[in-house]
Amino acid sequence: MPRTARDVVFVDGVRTPFGKAGPKGLYAETRADDMVVRALRELMRRNPSLPPERVDEVAVAATTQTGDQGLTIGRSAAVLAGLPKTVPGYAIDRMCAGGMTAVTTTAAGISFGSYDVVLAGGVEHMGRHPMGEGVDPNPRFLADRLVDPSALVMGTTAENLHDRFPQITKERADAYAVRSQEKVAAAYQAGKIQPDLVPTAIRSAEKGWGLATEDEPPRPGTSMEDLAKLKTPFRVHGNVTAGNAAGLNDGATACLLAAEDVARELGLTPRMRLVDFAFAGVEPEVMGVGPVPATEKLLARNALTMDDIGLIEINEAFAVQVLAFLEHFKIADDDPRVNPWGGAIAFGHPLASSGVRLMTQLSRLFEERTDVRYGLTTMCVGMGMGGTVLWENVNWEGDK
1 MPRTARDVVF VDGVRTPFGK AGPKGLYAET RADDMVVRAL RELMRRNPSL
51 PPERVDEVAV AATTQTGDQG LTIGRSAAVL AGLPKTVPGY AIDRMCAGGM
101 TAVTTTAAGI SFGSYDVVLA GGVEHMGRHP MGEGVDPNPR FLADRLVDPS
151 ALVMGTTAEN LHDRFPQITK ERADAYAVRS QEKVAAAYQA GKIQPDLVPT
201 AIRSAEKGWG LATEDEPPRP GTSMEDLAKL KTPFRVHGNV TAGNAAGLND
251 GATACLLAAE DVARELGLTP RMRLVDFAFA GVEPEVMGVG PVPATEKLLA
301 RNALTMDDIG LIEINEAFAV QVLAFLEHFK IADDDPRVNP WGGAIAFGHP
351 LASSGVRLMT QLSRLFEERT DVRYGLTTMC VGMGMGGTVL WENVNWEGDK
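This note's numbering applies: residue 1 is where the sequence shown begins, and numbers increase by one.
Fair warning: there could be bad hints in the mix.
[What the hints assert, rightly or not] With a Cα cut of at most 25 Å, we get these calculated DSS-like pairs of lysine-lysine: (1) 85 <-> 170; (2) 20 <-> 192; (3) 330 <-> 183; (4) 207 <-> 24; (5) 183 <-> 170; (6) 192 <-> 231; (7) 297 <-> 170; (8) 207 <-> 170; (9) 20 <-> 207; (10) 20 <-> 231; (11) 20 <-> 229; (12) 330 <-> 207; (13) 24 <-> 229; (14) 24 <-> 170; (15) 297 <-> 330.
Rather than coming from a laboratory, the hints here were simulated on the basis of the structure.
Go ahead and model the full structure; you've got the sequences and the hints to work with.
Here is the structure:
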């Protein structure tokens, strides 16, 4: 029988507050799978017209799939969240773009007609499972010179970007980081971030039970003078510091996607429509430029230019990586289209979860900006990749 692709909509997105990784962080004694469960349950609570049995798939990403991030976490979290046992699930890994890939993969299934409704998200507990834990890179990567040795250290790949783009100075990177902190502080003050944060129970053997209600990593009031004093751990007299890069973080995200006609049938209110997505590979030692070819591919395929894009949510793994993207597309460092409510330098970057944070934030911005038709969520990915998703504002009030 002939098949017709269906439009896919982003209905809702939530996340736990992000914490600092480590023994003193919010989630030091909280399980990763419990964070995912909290996000999944909140999605179902907020969308009561969705019968649980109508969920066709649960895809959850984690970069380090072991321990409480293992056991096919999409399926195990679905069971723990109380979804019917008939609802399947799986785990997915594309390092930092894991959550993004959970969305694009399941959305493709919706478009094809294999699913009607899915839950997709990501989690990373970097305090329990540091990036690279248990990894055994094949010696041929270095012995056969398939990648530069620096490719396996993300901070060093950011220093490599500073080498490739010497006009992106440490001062420029620090200035971008200060603006990110300022924007997050302003967004919190205006109540923009809180609606999609899921209060999450935390426990400490020393302090007992508590409740995480806001992000732990932001540092409001950060100044250029503060950042100038920080060490450059990846290179002597380098450019990358803890202040102009995302930290090591814990957190989980989840979102609800549906076919547009099914969303109407179930009384679900879409926030944005998925137009297209693209992934691309680059040299692993400069993985931070990955969003550039991914975005170029996407724009070309849809006959768009960056002038058609009204909002850009780009993951701030490193300030230099964002600035390289902006410079390539001739976008000013302080362009108001870019991360209006701040980014990962302040919020944090729990690896596989971050792609869905970008989407949730863009969907909220679309609600306010009915003059904007198209927006991007984009990010660099370890081992030399980039991913970009093109979204259309369902509330757009334009005439073309």
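The hints, checked one at a time:
| no. | hint | in the structure |
| --- | --- | --- |
| 1 | 85 <-> 170 | violated, 52 Å |
| 2 | 20 <-> 192 | holds, 21 Å |
| 3 | 330 <-> 183 | holds, 22 Å |
| 4 | 207 <-> 24 | holds, 11 Å |
| 5 | 183 <-> 170 | holds, 20 Å |
| 6 | 192 <-> 231 | violated, 33 Å |
| 7 | 297 <-> 170 | violated, 30 Å |
| 8 | 207 <-> 170 | violated, 40 Å |
| 9 | 20 <-> 207 | holds, 17 Å |
| 10 | 20 <-> 231 | holds, 19 Å |
| 11 | 20 <-> 229 | holds, 21 Å |
| 12 | 330 <-> 207 | violated, 50 Å |
| 13 | 24 <-> 229 | holds, 23 Å |
| 14 | 24 <-> 170 | violated, 29 Å |
| 15 | 297 <-> 330 | holds, 17 Å |
Violation of the numbered hints given earlier is confined to hints 1, 6, 7, 8, 12, 14; the remaining hints are satisfied by the structure.
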